[in-house]
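These protein sequence lines map, in sequence, to chains A and B.
So the first sequence is numbered by this note's numbering: it starts at 1 and just counts up by one.
So the second sequence is numbered by this note's numbering: it starts at 1 and just counts up by one.
Everything labelled a hint here was simulated from the structure, so no lab data went into it.
Using N, Cα and C, we set each Cβ at its ideal position, and we do this for glycine too.
Treat each hint with caution, since some may be false.
What the hints assert, rightly or not - Partial list, computed: chain A residues near chain B (C-beta under 7 Å):
| hint | residue |
| --- | --- |
| 1 | Q45 |
| 2 | Y48 |
| 3 | M50 |
| 4 | D56 |
| 5 | V97 |
| 6 | P101 |
Unchecked claim - Chain A is faced by these chain B residues, among others (derived, beta-carbon under 10 Å):
| hint | residue |
| --- | --- |
| 7 | S27 |
| 8 | Y30 |
| 9 | Y35 |
Below, each chain spelled out in residue letters.
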Amino acid sequence: EAQVTQNPRYLITVTGKKLTVTCSQNMNHEYMSWYRQDPGLGLRQIYYSMNVEVTDKGDVPEGYKVSRKEKRNFPLILESPSPNQTSLYFCASSWGVGNQPQHFGDGTRLSIL
Amino acid sequence: GQSLEQPSEVTAVEGAIVQINCTYQTSGFYGLSWYQQHDGGAPTFLSYNALDGLEETGRFSSFLSRSDSYGYLLLQELQMKDSASYFCAVIYNQGGKLIFGQGTELSVKP
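Please construct the entire structure, taking both the sequences and the accompanying hints into account.
Have a look at this one:
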């Protein structure tokens with residue numbers, strides 16, 4: 001089954017404790033992207049990647065890192081999480097951009113205390 | 001900066017037609033997409049317009065006017081299951097940078 005898998009689905013942690021949210025897709029998609037969703041703000045792009053070893057900043061990259069060492073994986077790293085990073089996070093992938101539909105993972109709800 | 005505007009909420013009755021508008025101000029433009037999101041769920045792709053005009057996919061249609069920086073999503077024969085949030089999104093650089101609107105919550109009443 002074609003899918004984008006994010007882990008964990010839920011996480012409660014404390015300020016400053018490094019964490020990684022994994023994202024994996026099995027569709028051989030080239031484009032992958034991370035978003036955060038906050039009430040009233042819609043989805044905001046954090047980072048995106050057009051292909052292996054190619055990543056770029058979205059609108060809200062501060063406090064996040066990503067890597068794209070393999071086509072299928074695009075982990076989101078919070079080196080020193082802070083409470084303002086408490087949010088719902090989505091990973092998405094597609095063949096390209098534009099008319100290629102982005103397939104979203106089920107989301108990861110992060111709470112930083 | 002980049003911005004998209006869409007109404008925060010719309011209410012309609014079952015069987016009716018509803019239009020959700022989206023206006024954008026971005027430094028570049030490569031296309032306008034629409035996504036549907038049910039409460040707590042993942043967004044799902046509905047449609048995409050890169051050129052002016054109407055794109056039809058079943059009960060859903062999407063329109064774009066690049067000269068007016070404006071698009072809309074048209075939902076026909078509304079069903080209760082169409083109650084959800086709808087987001088427009090603009091791709092504004094070739095590399096895939098995009099911005100989403102804040103979302104329109106559609107409530108379909110019996």
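What are the numbers of the hints that this structure violates, sorted from low to high? The structure breaks only hint 7.
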